[in-house]
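Colleague: Please build the complete structure, drawing on both the sequences and the hints.
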Amino acid sequence: MDKKIAGMINGLNKRNIEGIYCQDKTAALSELLKIIPQDKSIGRSGSKTLDEIGIIPALIKRENQVFNQYEQGLSRERSLEIRNQGANADVFLSSANAITVNGEMVFFSAYGHRIAGIANAKNVIIVCGINKIVADISKGIERARNYATPLNCKRLGFNSACLPAAGGPAGKAGLKDGICHNEICLFPEYKRMCCQVLVIEAEVAPGRFKVILVGENLGF
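Numbered according to the working numbering, the sequence shown spans residues 1 to 220.
Because the hints were derived from the structure by calculation, they are not lab data.
It should be emphasised that the depicted structure is a prediction, and the values quoted were computed from it without experimental measurement.
Nothing false has been slipped in among the hints.
Simulated pairs of lysine to aspartate or glutamate, EDC-like, Cα-Cα distance not exceeding 20 Å: (1) K34 - E52; (2) K14 - D136; (3) K25 - E52; (4) K25 - D2; (5) K25 - E216; (6) K25 - D51; (7) K122 - E18; (8) K61 - D39; (9) K40 - D90; (10) K48 - E216; (11) K61 - D51; (12) K122 - D90.
Across the chosen pairs, the derived CB separations fall in these ranges: (13) R155 - N84: 21 to 29 Å; (14) E63 - N146: 35 to 43 Å; (15) A6 - P188: 44 to 52 Å; (16) A135 - E77: 41 to 49 Å; (17) K4 - K48: 21 to 29 Å; (18) N84 - D136: 32 to 40 Å; (19) E189 - K3: 44 to 52 Å; (20) R208 - G7: 19 to 27 Å; (21) G73 - N10: 39 to 47 Å; (22) G7 - G54: 23 to 31 Å; (23) K139 - R76: 31 to 39 Å; (24) I184 - K34: 41 to 49 Å.
Even for Gly, the Cβ is constructed at its ideal location relative to N, Cα and C.
Modeller: Take a look at the structure:
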């Protein structure tokens with residue numbers, strides 16, 4: 001563990017958040033399976049990081065109750081119901097759009113279930129690759145708006161003003177540039193993804209919040 005990561009772990013601990021370092025995604029998967037009890041229910045947010053680690057299939061395989069709103073064949077109504085159940089699960093899993101060198105985290109959400117789970121679940125575990133480390137909260141919001149969200153809009157088919165030029169539905173001519181246009185990205189002309197913003201500065205309940213820092217690039 002280098003000095004920068006050690007400083008981040010220390011910063012998280014001072015914020016009443018347990019910081020854990022894993023060298024790679026294989027180690028992160030092993031750590032998650034170790035710290036999540038088999039008898040606990042699991043909620044999740046949409047997360048390329050979690051998908052790359054493979055934690056959801058692993059939890060399902062060992063028969064945790066997983067509220068997985070992305071299971072194939074679900075109706076929209078059933079998917080939303082599962083999102084609500086997941087926000088109240090024993091353990092909620094997510095990643096951040098950015099994490100600062102001091103241990104603060106930035107989360108953007110479209111529907112709010114991600115934010116509800118992080119704020120409300122009995123236990124929260126956030127997994128972040130080193131590519132998401134930024135200097136401060138303002139840089140974290142900038143990263144979320146101008147990097148993570150445009151890529152997620154492309155991946156999920158949101159007709160947002162920031163939509164990158166290649167792929168996805170056509171946005172307004174001249175704005176498919178992968179850059180946030182917050183002032184005009186409004187309904188009904190656009191379907192924006194960054195509707196709600198959560199900044200975590202600290203956690204009041206001891207033991208509720210954990211962050212796993214992974215020593216490789218994961219997700220957006």
